[in-house]
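Colleague: Single-letter residue listing:
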Amino acid sequence: MALHFELVTPAKLVRSEDVHMVVVPGSEGEFGVLEGHAPFMSTIRDGAVQVYKTEGSAPETIEVRGGFAEVGENGLTVLAEHVEA
Amino acid sequence: MPSLKELKDRIGSVKSTQKITKAKQMVAAAKLRRAQSAAEAARPYQERLAAVMASLAGKVSGDSAPKLLAGTGSDKRNLLVVVNTDKGLCGGLNSNLVKAAKAKAQELLAEGKEVEFYLVGKKGRAPLKREYADKIGKGFDTSTVKTPGFEEADAIAAELIGMFEEGKFDIAHLIYPTFQSALVQNPTVNQLIPVPSPETAEETDAVVEYEPGEEEILEELLPRYVKTQIFGALLEREASEQGASMTAMDNATRNAGDLINKLTIQYNRSRQAAITTELIEIIAGAEAL
Numbered sequence: 012m013a014l015h016f017e018l019v020t021p022a023k024l025v026r027s028e029d030v031h032m033v034v035v036p037g038s039e040g041e042f043g044v045l046e047g048h049a050p051f052m053s054t055i056r057d058g059a060v061q062v063y064k065t066e067g068s069a070p071e072t073i074e075v076r077g078g079f080a081e082v083g084e085n086g087l088t089v090l091a092e093h094v095e096a
Numbered sequence: 096m097p098s099l100k101e102l103k104d105r106i107g108s109v110k111s112t113q114k115i116t117k118a119k120q121m122v123a124a125a126k127l128r129r130a131q132s133a134a135e136a137a138r139p140y141q142e143r144l145a146a147v148m149a150s151l152a153g154k155v156s157g158d159s160a161p162k163l164l165a166g167t168g169s170d171k172r173n174l175l176v177v178v179n180t181d182k183g184l185c186g187g188l189n190s191n192l193v194k195a196a197k198a199k200a201q202e203l204l205a206e207g208k209e210v211e212f213y214l215v216g217k218k219g220r221a222p223l224k225r226e227y228a229d230k231i232g233k234g235f236d237t238s239t240v241k242t243p244g245f246e247e248a249d250a251i252a253a254e255l256i257g258m259f260e261e262g263k264f265d266i267a268h269l270i271y272p273t274f275q276s277a278l279v280q281n282p283t284v285n286q287l288i289p290v291p292s293p294e295t296a297e298e299t300d301a302v303v304e305y306e307p308g309e310e311e312i313l314e315e316l317l318p319r320y321v322k323t324q325i326f327g328a329l330l331e332r333e334a335s336e337q338g339a340s341m342t343a344m345d346n347a348t349r350n351a352g353d354l355i356n357k358l359t360i361q362y363n364r365s366r367q368a369a370i371t372t373e374l375i376e377i378i379a380g381a382e383a384l
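Read top to bottom, the protein sequences are chains Y and S. Taking this note's numbering, I'd label the letters of the first sequence as residues 12 to 96. Taking this note's numbering, I'd label the letters of the second sequence as residues 96 to 384.
What the hints contain is simulated information worked out from the structure, not anything from laboratory work. Model, not experiment: these values are computed from the prediction. You may find that some hints are simply not true.
[Stated by the list, open to error] Pairwise CB distance ranges (calculated):
1) Y:Glu95 - S:Lys357: 58 to 68 angstroms
2) Y:Arg26 - S:Gly262: 33 to 43 angstroms
3) S:Glu142 - Y:Pro70: 23 to 33 angstroms
4) S:Met121 - Y:Glu84: 39 to 49 angstroms
5) Y:Arg26 - S:Glu310: 26 to 36 angstroms
6) Y:His93 - S:Asp229: 48 to 58 angstroms
7) Y:Leu45 - S:Gly207: 31 to 41 angstroms
8) S:Asn350 - Y:Glu95: 25 to 35 angstroms
9) Y:Glu84 - S:Gly257: 30 to 40 angstroms
10) S:Glu304 - Y:His93: 19 to 29 angstroms
11) Y:Glu95 - S:Lys233: 26 to 36 angstroms
12) Y:Glu84 - S:Gly232: 15 to 25 angstroms
By construction, the Cβ of each residue, glycine as well, lies at the ideal position given by its N, Cα and C atoms.
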């Protein structure tokens, strides 16, 4: 059970890995993405993306600014304009 | 026939020129690697964005499409966004870009359309001004920053979109060099605004949900797409500049080497000739006694 998660900025591909769950700050509310999520697209607001490597583990947070998230067959892709390291 | 001293000075000056070109070549080679990897690192973002654009643009069409996608309905006033480098010493790169820009301008003018230039980078300004002095509009100076990045692309895109919304032009074309190798950088002309409708992506059966809505997302996406295009052009320019500079300086270094060899031979010959003449004089003098 793994979700393929990619975080891309104009400067580089920040993340490309298999994780358990990602919580994305959508512009109309946060949403969590697990494996097998229905196709979905949303703009995101500035905030923290929380990445859960495994079930129950502490989330890793990545600050992102401007962009959007897309859930497709091959997982979740977050396109962000800027990522706070 | 130049004197010995003149030849010696000449060799010295060519040698120091060679030193400069060689240093510039090595700097360009090192920078090229960095510029190339930056251009490669930016590619995933562009690809994803283009893919999302394609799937969205197919869904939102007709009257509801945003202006950035649909255009103003006219194609009279054209804006040529020419991306040149800020520094010289890079062979024919800038003159090729200017040539491409002029060709495009000629083509548009021949069709009876209006043309205006928006110049990014320093080097295209003078040659374009010579021919189209009244058509040079605004420009963007990238020489103040070391390596133009996303912020500069952001600023350029914001200005262009602002001009578009004020109705200053109908169509914008982006002219920039595409980096193929250190030897080949081709000027490319792309339509920037309105965003050309991408070829429809293959229809997926999956129903995609959109939040907030398709149009809202597209409206936010389009400026971002323009920005990414400009960012890509800036990166390509960087890589092209370094590539062209490396090749040009390599040639210059080699030419300087050839010239030094030729001058050295000439120098040695005249030195020998001088010695021989002196000897003959001495011998003739001795014999006369």
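Colleague: Evaluate each hint against the coordinates.
Modeller: How the hints compare with the structure:
no. : hint                                   : result
1   : Y:Glu95 - S:Lys357: 58 to 68 angstroms : 60 angstroms, holds
2   : Y:Arg26 - S:Gly262: 33 to 43 angstroms : 42 angstroms, holds
3   : S:Glu142 - Y:Pro70: 23 to 33 angstroms : 28 angstroms, holds
4   : S:Met121 - Y:Glu84: 39 to 49 angstroms : 47 angstroms, holds
5   : Y:Arg26 - S:Glu310: 26 to 36 angstroms : 30 angstroms, holds
6   : Y:His93 - S:Asp229: 48 to 58 angstroms : 40 angstroms, violated
7   : Y:Leu45 - S:Gly207: 31 to 41 angstroms : 58 angstroms, violated
8   : S:Asn350 - Y:Glu95: 25 to 35 angstroms : 50 angstroms, violated
9   : Y:Glu84 - S:Gly257: 30 to 40 angstroms : 38 angstroms, holds
10  : S:Glu304 - Y:His93: 19 to 29 angstroms : 26 angstroms, holds
11  : Y:Glu95 - S:Lys233: 26 to 36 angstroms : 33 angstroms, holds
12  : Y:Glu84 - S:Gly232: 15 to 25 angstroms : 45 angstroms, violated
Checked against the numbered hints given earlier, the structure breaks hints 6, 7, 8, 12 and satisfies all the rest.
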